[in-house]
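There are 2 protein chains.
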Amino acid sequence: MQRKLQYQGIDCAIVLQSKALFYYTGTAQNAHLIVPSQGDPLLLVKKDFGRAREETDLQNVRQLESIKKLPDIVNDHCRTPARIGLEMDVLPAKNYLYYQRLFDGAELVDVSGLIRAQRIVKSVAEVNIIRESAARQLEVYRQIPDILREGMAEIELAAEVEAKARKLGHYGITPLRGFNLAIFYGHIMSGENGAVPSSFEGPTGGKGLGPAMPQSAGLRKIRAHEPVIVDYTGCYNGYIVDMTRVYSIGSLPETLVKAHRVAVDIQDMIAEKARPGMSCEKLYFQALDYAEKAGLKRYFLGYNYTLPFVGHGVGLELNELPLLARGYDQPLVDSSVIAIEPKFLFPGQGAVGIENTFLVTEHGLEKLTASNDEIIVI
Amino acid sequence: MQRKLQYQGIDCAIVLQSKALFYYTGTAQNAHLIVPSQGDPLLLVKKDFGRAREETDLQNVRQLESIKKLPDIVNDHCRTPARIGLEMDVLPAKNYLYYQRLFDGAELVDVSGLIRAQRIVKSVAEVNIIRESAARQLEVYRQIPDILREGMAEIELAAEVEAKARKLGHYGITPLRGFNLAIFYGHIMSGENGAVPSSFEGPTGGKGLGPAMPQSAGLRKIRAHEPVIVDYTGCYNGYIVDMTRVYSIGSLPETLVKAHRVAVDIQDMIAEKARPGMSCEKLYFQALDYAEKAGLKRYFLGYNYTLPFVGHGVGLELNELPLLARGYDQPLVDSSVIAIEPKFLFPGQGAVGIENTFLVTEHGLEKLTASNDEIIVI
Numbered sequence: 001m002q003r004k005l006q007y008q009g010i011d012c013a014i015v016l017q018s019k020a021l022f023y024y025t026g027t028a029q030n031a032h033l034i035v036p037s038q039g040d041p042l043l044l045v046k047k048d049f050g051r052a053r054e055e056t057d058l059q060n061v062r063q064l065e066s067i068k069k070l071p072d073i074v075n076d077h078c079r080t081p082a083r084i085g086l087e088m089d090v091l092p093a094k095n096y097l098y099y100q101r102l103f104d105g106a107e108l109v110d111v112s113g114l115i116r117a118q119r120i121v122k123s124v125a126e127v128n129i130i131r132e133s134a135a136r137q138l139e140v141y142r143q144i145p146d147i148l149r150e151g152m153a154e155i156e157l158a159a160e161v162e163a164k165a166r167k168l169g170h171y172g173i174t175p176l177r178g179f180n181l182a183i184f185y186g187h188i189m190s191g192e193n194g195a196v197p198s199s200f201e202g203p204t205g206g207k208g209l210g211p212a213m214p215q216s217a218g219l220r221k222i223r224a225h226e227p228v229i230v231d232y233t234g235c236y237n238g239y240i241v242d243m244t245r246v247y248s249i250g251s252l253p254e255t256l257v258k259a260h261r262v263a264v265d266i267q268d269m270i271a272e273k274a275r276p277g278m279s280c281e282k283l284y285f286q287a288l289d290y291a292e293k294a295g296l297k298r299y300f301l302g303y304n305y306t307l308p309f310v311g312h313g314v315g316l317e318l319n320e321l322p323l324l325a326r327g328y329d330q331p332l333v334d335s336s337v338i339a340i341e342p343k344f345l346f347p348g349q350g351a352v353g354i355e356n357t358f359l360v361t362e363h364g365l366e367k368l369t370a371s372n373d374e375i376i377v378i
Numbered sequence: 001m002q003r004k005l006q007y008q009g010i011d012c013a014i015v016l017q018s019k020a021l022f023y024y025t026g027t028a029q030n031a032h033l034i035v036p037s038q039g040d041p042l043l044l045v046k047k048d049f050g051r052a053r054e055e056t057d058l059q060n061v062r063q064l065e066s067i068k069k070l071p072d073i074v075n076d077h078c079r080t081p082a083r084i085g086l087e088m089d090v091l092p093a094k095n096y097l098y099y100q101r102l103f104d105g106a107e108l109v110d111v112s113g114l115i116r117a118q119r120i121v122k123s124v125a126e127v128n129i130i131r132e133s134a135a136r137q138l139e140v141y142r143q144i145p146d147i148l149r150e151g152m153a154e155i156e157l158a159a160e161v162e163a164k165a166r167k168l169g170h171y172g173i174t175p176l177r178g179f180n181l182a183i184f185y186g187h188i189m190s191g192e193n194g195a196v197p198s199s200f201e202g203p204t205g206g207k208g209l210g211p212a213m214p215q216s217a218g219l220r221k222i223r224a225h226e227p228v229i230v231d232y233t234g235c236y237n238g239y240i241v242d243m244t245r246v247y248s249i250g251s252l253p254e255t256l257v258k259a260h261r262v263a264v265d266i267q268d269m270i271a272e273k274a275r276p277g278m279s280c281e282k283l284y285f286q287a288l289d290y291a292e293k294a295g296l297k298r299y300f301l302g303y304n305y306t307l308p309f310v311g312h313g314v315g316l317e318l319n320e321l322p323l324l325a326r327g328y329d330q331p332l333v334d335s336s337v338i339a340i341e342p343k344f345l346f347p348g349q350g351a352v353g354i355e356n357t358f359l360v361t362e363h364g365l366e367k368l369t370a371s372n373d374e375i376i377v378i
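Chains as they are written, first to last, in full-length UniProt numbering: chain E, 1 to 378; chain S, 1 to 378.
It should be emphasised that the hints constitute simulated quantities derived from the structure, not laboratory data.
Hints may be right or wrong, so weigh each one.
Covered, in the sense of this in silico footprint (three residues per stretch, anywhere, with C-beta under 8 Å from a C-beta of chain S), are these stretches of chain E [as the list claims (entries may be wrong)]:
#1 20-27
#2 44-56
#3 137-148
#4 195-209
#5 327-337
#6 362-369
Derived lysine-lysine pairs resembling PhoX-like cross-links, with alpha carbons at most 25 Å apart [what the hints assert, rightly or not]:
#7 S:K297 to E:K167
#8 S:K258 to S:K273
#9 E:K164 to S:K221
#10 S:K69 to S:K46
#11 S:K94 to E:K4
#12 S:K297 to E:K47
#13 S:K47 to E:K297
#14 S:K167 to E:K167
#15 S:K297 to E:K94
From the three backbone atoms N, C-alpha and C, an ideal C-beta is built for every residue, glycine too.
Between the sequences and the hints, there should be enough to build the whole structure, so can you do that?
As structure tokens, then:
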């Protein structure tokens, strides 16, 4: 991070968001992490100081008695920085304007891109936690066929799946970066609900429990011969895996079966081709091409609307980089972790498709959530 | 809202946060709500237009094709506003700076205080939803004594309580306003975990599942003769109630029993005294006085740290106004809904105390989550 700060001519970064704090320090307590472009970082803890000091390996940890003392401490520690980096994609405007007054004369710049880019490459320790997260996630999905019953409401299925995950240590919440974004475990939808469009940029939305929470499971009763799509995250020890499977009680209409087959083929094609150095955007366009050649373009990643991505990084947040997306013309990077989610939406019928989380290695993609990708007929 | 905009000399407000959108329009789809200080509001929907139009009663609903068209539409609709209100306590700095460029020449001001103040008074329809939310919450708590067993992990108890709530339509998430704030159902802690301090401004914190999610239930096994504190929200049809009960398997040490009694007395005293027009801050100080006279000041609302509030508004968000807090010298208002939560923390032993959600009426407080306030011994 310090190299990148130097390269961008930023004298110091102030890290505030809890996931980034955890990433750099090992603690998510309420704190300011001061990272000068050279020299030791300094962790200023508001609350709770005792917990932060216990959790972090950083040497320089102090209690921040009052936010008003921040300029003196930072100016002293970072030789009166002229350019200060903040996470401006998540820091509220009010806080930003407050820091602007506190650091009168300094230029405030956005370091969220720098931080997000740095987190693309996972360390060995992070990959190990993600593997463990995937193992628990697979254990949850293994139990779904025993839970799913004809006539149960979507929300009942959600309740029972969530309870299984929670007992294995799921956080009960999936950190999502950005304004107005909130998700708990993910999306469970049955039949036509699977094709109800979303208010945000995701392949599926769902009707939810009403207009105040317009996503995921609702009160609809699950019937036979319709797709039940379970797009839930595993979120254990801070790290996320993302996974989707389609279930059905009895057989599904041929159109849906065929589309699901195409989705799995698209995933397999990407997994087969992807190598570090390849353009992420090209992989997205190849997925689109495949769907078009299969005559299913109109249903791919939305109905009459094509989501601009087919894959996304996961880690401490669900929407990390890289993106397999239109406009993301960056090379795929070794040791990154991505979820690939080709899905088809059929209005009135529902959603089918697949999602798995992969580790990018020099030899190609390793599927971390490996289990049967087919429609699971009960 | 328009009266308040006029009074503050704001020509138009642009409402963006999903809870506020839902409050004013009935839909939480991704949209800009344009409220001129006079004349009709206009809802510009990014996604999903069909759902938004179906859900809202507003007449003026349009698809926003591109954010770049926003200045022309707003200038046309609001006669080129000189002062534009935004929700600057939640809108990220990056978005704020983008709007500043879009509306070059206009002054951007914060309307979050105005919106939060307006939401203090609940309508009859809102109170009815909150009553229904309370009824479901009571149904969940009624089942806790059947779930709680010696030797189960906190997270197992959490999983089973959450599943009950979810089946009754709980959202699985509790909207909290502010940076770095996230909560799912609330806090469940046993024994000494109940007194582990929090990273944020709340009476209890809990150890959680590790430093990446340092709050609420963890892996600790629940034992006999220790307090198990369940501070969970009900969140149904958009509206929240907040409630805490303490359970124990077998009897508790006398110190804790006495402190719980004092907590209930403090709650009852506030509920007895509170009337519209009274100072919210004074009610907070009276709670502090009561705790001090009982010789328990050191343990009240934190150990060796006194939380600056003993009550908070609830509604579409968990941390609404008013606050029964130091520095909140505002009169209590008829038809507001508040949660009152006097609690005591004993390091090494745990937390005891009570929380209920009340409706403020001209005759005093009506307890919406009325059930046994005592320690529930199993």
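Comparing the hints with the structure gives:
1. For the stretch 20-27 of chain E, the stated coverage by chain S is satisfied: 3 residues place a CB nearer than 8 Å to a CB of that chain, which reaches the threshold of 3.
2. Here the stretch 44-56 of chain E counts 5 residues with a CB under 8 Å from a CB of chain S, which clears the bar of 3, and the coverage holds.
3. Counting residues of the stretch 137-148 of chain E whose beta-carbon sits less than 8 Å from any beta-carbon of chain S gives 0, not enough to reach three: the coverage restraint is violated.
4. Interface restraint, the stretch 195-209 of chain E with chain S: holds (8 residues with C-beta to C-beta distance below 8 Å; minimum three).
5. Using a Cβ-Cβ cut-off of 8 Å, 0 residues of the stretch 327-337 of chain E lie near chain S, which falls short of the minimum of three, so the contact claim is violated.
6. Against chain S, the stretch 362-369 of chain E contributes 0 residues with a C-beta closer than 8 Å to a partner C-beta. That does not satisfy the three-residue criterion, and the hint is violated.
7. For the given pair, S:K297 sits about 37 Å from E:K167 by alpha-carbon distance, which is inconsistent with the 25 Å threshold.
8. With a C-alpha separation of about 22 Å, the suggested pair S:K258 and S:K273 falls inside the 25 Å cut-off, and the hint holds.
9. With a C-alpha separation of about 18 Å, the suggested pairing of E:K164 with S:K221 holds against the 25 Å cut-off.
10. Distance restraint check for S:K69 and S:K46: the Cα-Cα separation of roughly 12 Å lies within the 25 Å cut-off, and the hinted pair is therefore satisfied.
11. Of the pairs offered as hints, the one joining S:K94 and E:K4 holds, with about 20 Å between alpha carbons and a cut-off of 25 Å not exceeded.
12. At roughly 20 Å between alpha-carbon atoms, S:K297 and E:K47 fall within 25 Å of each other, so this suggested pair holds.
13. About 20 Å separates the Cα atoms of S:K47 and E:K297, which keeps this hinted pair within 25 Å; it holds.
14. As the CA atoms of S:K167 and E:K167 are separated by approximately 17 Å, the hinted pair is consistent with the 25 Å bound.
15. Restraint check for S:K297 and E:K94: not satisfied, since their Cα atoms lie roughly 34 Å apart, outside the 25 Å limit.
In the structure shown, a violation is registered for the earlier hints numbered 3, 5, 6, 7 and 15, in ascending order.
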